[in-house]
Amino acid sequence: MKKEFKIATLIFIGFLSLLWIEKPLRLLLSSLQFDDPTAKNSSGIVVRVILTFVAYYLIKKLKFEKFTGLDTPGKFLNIQSLFIPLMLILMGLFSNWKNYYNSEFHTLLLFGLSVLSVGVVEEFIFRGAIFPLCIKALKNSQRPILFGAILSSSLFGIVHFINLFSEPSNLIGITSQVFFALSIGVFFSGLLVRTENIVIPAFIHALINFSFGSGELETVTEEISAVKEGIGVDWSTVIPTTIFFTFIMAGGVYMILKCNENNILQKLEIE
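Residues in the sequence shown are numbered from 10 upward in steps of one, following the working numbering.
No wet-lab data here; the hints were simulated from the structure.
SDA-like, lysine to any residue: derived pairs with alpha carbons at most 25 Å apart:
{"id": "1", "residue 1": "K49", "residue 2": "F212"}
{"id": "2", "residue 1": "K75", "residue 2": "Y263"}
{"id": "3", "residue 1": "K276", "residue 2": "L266"}
{"id": "4", "residue 1": "K148", "residue 2": "L79"}
{"id": "5", "residue 1": "K75", "residue 2": "L277"}
{"id": "6", "residue 1": "K148", "residue 2": "I20"}
Based on the provided sequences and hints, a complete structural model is requested.
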């Protein structure tokens, strides 16, 4: 196995391992009389802030500042690439407006900080460290950036199988999440190489989570959950959503194919 693959694997395992700190921290906060949403969001923020600093250290250690644009964080290219994701975000915000409006301010604030931390740490880990490692490992292939994006995004998708621990009977639903994460991961990879700044996909990632993850702000009773579990897979929703995310993945592939490949490889010191 190439050195880059070994490093990427270690980073992936380390990321998963550190995520488990969130559970005991959440239990600790719950024991201190914090309500469940506050305990969940607060523990997630703390763990992901720590992970963000670790990821930033790794990016500097691996000399990926130029690739990620962190050497010039205020410089962005091809801003027109943001049109589709911003339209997607606006659609999510409008469709879930009631969830935000009916939430208490402190709950909404913690939720916003939580999804922001998720967007930043996942982009720094998967697009900032693992993605360029995959490119370097695949440098002799015909399309190292495209294949690197698919490989790193596959790892990003696999992470979502963790949800099986909380929903063991929902294999099909979790598998759908994995495919969606793979698709959006390829899109974020394309966004990174087109804008040449990881701040952009991190911010877009956070906004997408905020606009489409607002279900966490709802108060869901056990009776409603039981009804949903009895419904099974709603193929009328899964099929069009799968088609939509395939389109999103295609957008990522298009951006990767349109990027300045030689410039990207030079930033990674690949001849």
